[in-house]
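In the order they appear, the protein sequences are chains A and B.
Here the first sequence stands for residues 237 to 315, where the numbers follow the working numbering.
Here the second sequence stands for residues 6 to 195, where the numbers follow the working numbering.
Any given hint might turn out to be false.
As the list claims (entries may be wrong) - In silico DMTMM-like cross-links for lysine to aspartate or glutamate, where the CA-CA straight-line distance does not exceed 20 Å:
1) A:K314 <-> B:E40
2) A:K299 <-> B:E37
3) A:K310 <-> B:D23
4) B:K82 <-> B:D41
5) B:K58 <-> B:D16
6) A:K249 <-> A:E277
7) A:K278 <-> B:D122
8) A:K249 <-> B:D102
9) A:K278 <-> B:E123
10) A:K305 <-> B:D41
11) A:K281 <-> B:E131
12) B:K192 <-> B:E121
Since the hints were made in silico from the structure, they are not lab data.
The lines below spell out each chain.
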Amino acid sequence: MLSCKKATALIDKKYEQNLSFKEGFQLKLHILMCDACCVYEKQSKLISKALSKFFQTKVSVDKDTIENKKLKEKIISKL
Amino acid sequence: MEDIKKQVIKDWVLEYSDRLYAWALSKTSSIETAEDLVQETFLAAVVSFDNFKNKENPGTLLYSILNHKIIDQYRKKSSSTSSLSVLTENQAIASTDGLFNADERWMNRSNKSLWEDETQLLDNNEFIQIMEFCMAELPDKWRIAIGSKYLLERKTDEICQELNYTTTNYWQVIHRAKLLLKKCIEKYWN
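Use the sequences and the hints to build the structure in full.
See below:
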């Protein structure tokens, strides 16, 4: 039986890379029986979404390059 | 500065500054900040020029300097409004270990979720502000991992390569960072 500490680690591992069959099975079983880890799974998802939202950029820049001649000159003058 | 070095960096400015500027602008949403960060990137490149091993491929290097500066920009922003200070990695590990008892079970098993209504919380500015407040605590390396993932939206293998992490180190850092954020948010969000 997984401990809560290991189960929470697997919850986050699941989103970064795949779990092995055994890990996936153990995690499902643990979450079925553990309310606190079930809550953590929801919180972890929410934190991910909140981080994405927090870092979401307000302006979208479609171009890979934006010509900024002034900036170039300014940097070169400071070298 | 020696002439050769100066000429090389000048060529880098001509070749890369427009691309770096577009990237910085897309991640900071501020013309002024983006210009400052790009300028600082080249000035930092001058300082560490002699240590660069891969001078034939300056792009990778310049992006890496700039990316650290972009993430650091958010650190400055959150630490200006937060009374929390950056933890060392050991302190942060101790703090997240403290969530569990010796049997590795949750110390606090209260399952009343304070965060039940997800969609509402994501639109709640106060909640996002508390998260920002709590991010001030993340150890530098963890912040860079979180920033690379969520801000720079880089792929796992790129992040691992740049931070010199194995994939296991990487997800464990993300995991620890999330635990630390959970702990902090629960403390301040009520």
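Out of the numbered hints, which ones does the structure contradict? Checked against the structure, no hint fails, so every one of them is satisfied.
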